[in-house]
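K.L.:
FYI, in my numbering the residues of the sequence shown are 1 to 442.
Just so you know, these hints were derived from the structure itself, not from any lab.
Incorrect hints may appear among the rest.
Each pair of labels, with its calculated beta carbon distance range [as the list claims (entries may be wrong)]:
no. : residue 1 : residue 2 : range
1   : S169      : T339      : 26 to 34 Å
2   : N104      : S161      : 38 to 46 Å
3   : A283      : G329      : 22 to 30 Å
4   : G88       : S169      : 19 to 27 Å
5   : S169      : T139      : 52 to 60 Å
6   : G365      : N104      : 17 to 25 Å
7   : A283      : A79       : 46 to 54 Å
8   : A224      : L341      : 26 to 34 Å
9   : R439      : P65       : 31 to 39 Å
10  : L341      : G300      : 37 to 45 Å
11  : A183      : E331      : 50 to 58 Å
12  : G277      : A79       : 22 to 30 Å
Just so it is clear, CB atoms sit at the ideal spot from N, CA and C, and this is done for glycine as well.
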Amino acid sequence: MSIYGAMFSGVSGIASQSQAMGMIADNISNVNTIGYKRTRADFATLVTSSSSGTSYSPGGVDSSPRTLIDRQGLLQASASPTDLSVSGNGFFVVNTLSNPSSTNGAYLYTRAGSFTPDADGNLRNAGGYYLQGWPIDQTGALPTDRSSLTALETVNIRNLSGTATASSSLALSINLQSSQASAAYTFGDMSAGTVTPHFARSIQIFDSKGGTRSLTMGFFRDAALNANEWAVEIYANPATDVTNANGLLNSAATSTLAFNTDGTYDLANSTVPTTLGISTWAASLGIANSSLSIDWGSDGLPDGMTQFDAASTLISTDVDGAVYGGLSGVEVDDQGVVTALFENGSRTDIYKLPLALFPNPNGLGNRSGNAYINTTDAGDRSLQEAGLSGAGLFAASTLESSNVDLAEEFTTMIQTQRAYSASSRIITTASEMLDELIRLAR
1 MSIYGAMFSG VSGIASQSQA MGMIADNISN VNTIGYKRTR ADFATLVTSS SSGTSYSPGG
61 VDSSPRTLID RQGLLQASAS PTDLSVSGNG FFVVNTLSNP SSTNGAYLYT RAGSFTPDAD
121 GNLRNAGGYY LQGWPIDQTG ALPTDRSSLT ALETVNIRNL SGTATASSSL ALSINLQSSQ
181 ASAAYTFGDM SAGTVTPHFA RSIQIFDSKG GTRSLTMGFF RDAALNANEW AVEIYANPAT
241 DVTNANGLLN SAATSTLAFN TDGTYDLANS TVPTTLGIST WAASLGIANS SLSIDWGSDG
301 LPDGMTQFDA ASTLISTDVD GAVYGGLSGV EVDDQGVVTA LFENGSRTDI YKLPLALFPN
361 PNGLGNRSGN AYINTTDAGD RSLQEAGLSG AGLFAASTLE SSNVDLAEEF TTMIQTQRAY
421 SASSRIITTA SEMLDELIRL AR
């Protein structure tokens, strides 16, 4: 009968509003939880079919939770370089284990990016999940198959030794005085010390072990050359660093530096080496062979070697390489590239973070620690690089706050409380009607 139906309808209302209040409670409790996504109650009517068009059978109401996963929370600044957030679409890929395999560990997805290194240097968030990324090899390449989760590794920022970088390029900017008097000269005299260079400067470079080595550039106005040419010798200092006589590193066939009549570098008539093969390091040093490219300047431009009537001077040098340096920290750019920073100023890319995308992120299944699992409702997962195919960008030193609006939650809580009270009144009123009906039989 309708009175019993009304009572059961009131019961369903109480049950549904109770669930809604539980969702509100969770939302308010997690208002400061990083990456938390608000859950709301969606209500739907329960209809009991009637056999007659003149009668009505109450059904009631049902509620189901809907987590608003696709709604972005505000980004707040953080002092930690490993605190990460995503601006736009996508989720961090994490695993329950630091060393996942095909049979152990579960892959989950999260927006909670409060990652810190554990005792082994593995990045783990507050939920205890380990951040996954594509490893970058020594050539800077990513894995070929980037669609599979098995191509990912746990991001580790401590299992990195220090690094040293051998010098590979040198750019020079030197002016040689055009009015310098010439003198007799034989190739090798400067390195041997039998003549004093008209101008010489020592330049520090770095070997493959991060040690510092000194190369001297000697310039001499040779009487046998024309007025716009200089003899050049490049030699190690001390000479014992290399096995060549007197430490000489270039040959007589590649030793002339030529200038145009306007004092700019004359590339066509210069025979100075553009690549210096330092393959003669003394064996006792145990240094790997290497080569050094030399940039003497642009042809016809005063941006490198010049010959003007001013005192010979070294204007600038630019040499790469670095001494040994230990790991000093890491940084993450907006593309998700994790870069190791070393004390000597060198940088090495070690991982690139992917973003997991889903056709319907609101269909993901909830797990503790603000993580989600893939479900049929969410659709097929795809791994994307940041900024591509609809994926968002990473923001280092920031955290995504929860998308809970306290004002909205308190308003909804008042509505839920009123609806709960109203549903309870349905039950008490139906009970009074039943009492009245029973009294009719007395």
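K.L.:
Give a verdict on every hint.
P.N.:
Now the hints, each set against the structure:
1. S169 <-> T339: 26 to 34 Å: violated (21 Å)
2. N104 <-> S161: 38 to 46 Å: Since the Cβ atoms of N104 and S161 sit about 28 Å apart, the hinted range of 38 to 46 Å is violated.
3. A283 <-> G329: 22 to 30 Å: The hint (22 to 30 Å, Cβ to Cβ) is violated, given that A283 and G329 are roughly 37 Å apart.
4. G88 <-> S169: 19 to 27 Å: Violated, since G88 and S169 (Cβ atoms, about 38 Å apart) do not stay within the stated range.
5. S169 <-> T139: 52 to 60 Å: Once the Cβ atoms are compared, 19 Å apart, the range 52 to 60 Å for T139 and S169 is violated.
6. G365 <-> N104: 17 to 25 Å: At roughly 20 Å between Cβ atoms, N104 and G365 fall inside 17 to 25 Å, so the hint holds.
7. A283 <-> A79: 46 to 54 Å: About 50 Å separates the Cβ atoms of A283 and A79, which means 46 to 54 Å holds.
8. A224 <-> L341: 26 to 34 Å: Between A224 and L341, where Cβ atoms are some 52 Å apart, the hint is violated.
9. R439 <-> P65: 31 to 39 Å: Distance hint for R439, P65 is violated at roughly 43 Å.
10. L341 <-> G300: 37 to 45 Å: Given a distance of about 40 Å, which is inside 37 to 45 Å, the answer is holds.
11. A183 <-> E331: 50 to 58 Å: For A183 and E331 the Cβ distance comes to about 55 Å; the hint holds.
12. G277 <-> A79: 22 to 30 Å: Given about 48 Å between the Cβ atoms, the range is violated.
This entry does not satisfy hints 1, 2, 3, 4, 5, 8, 9, 12, going by the numbered hints stated previously.
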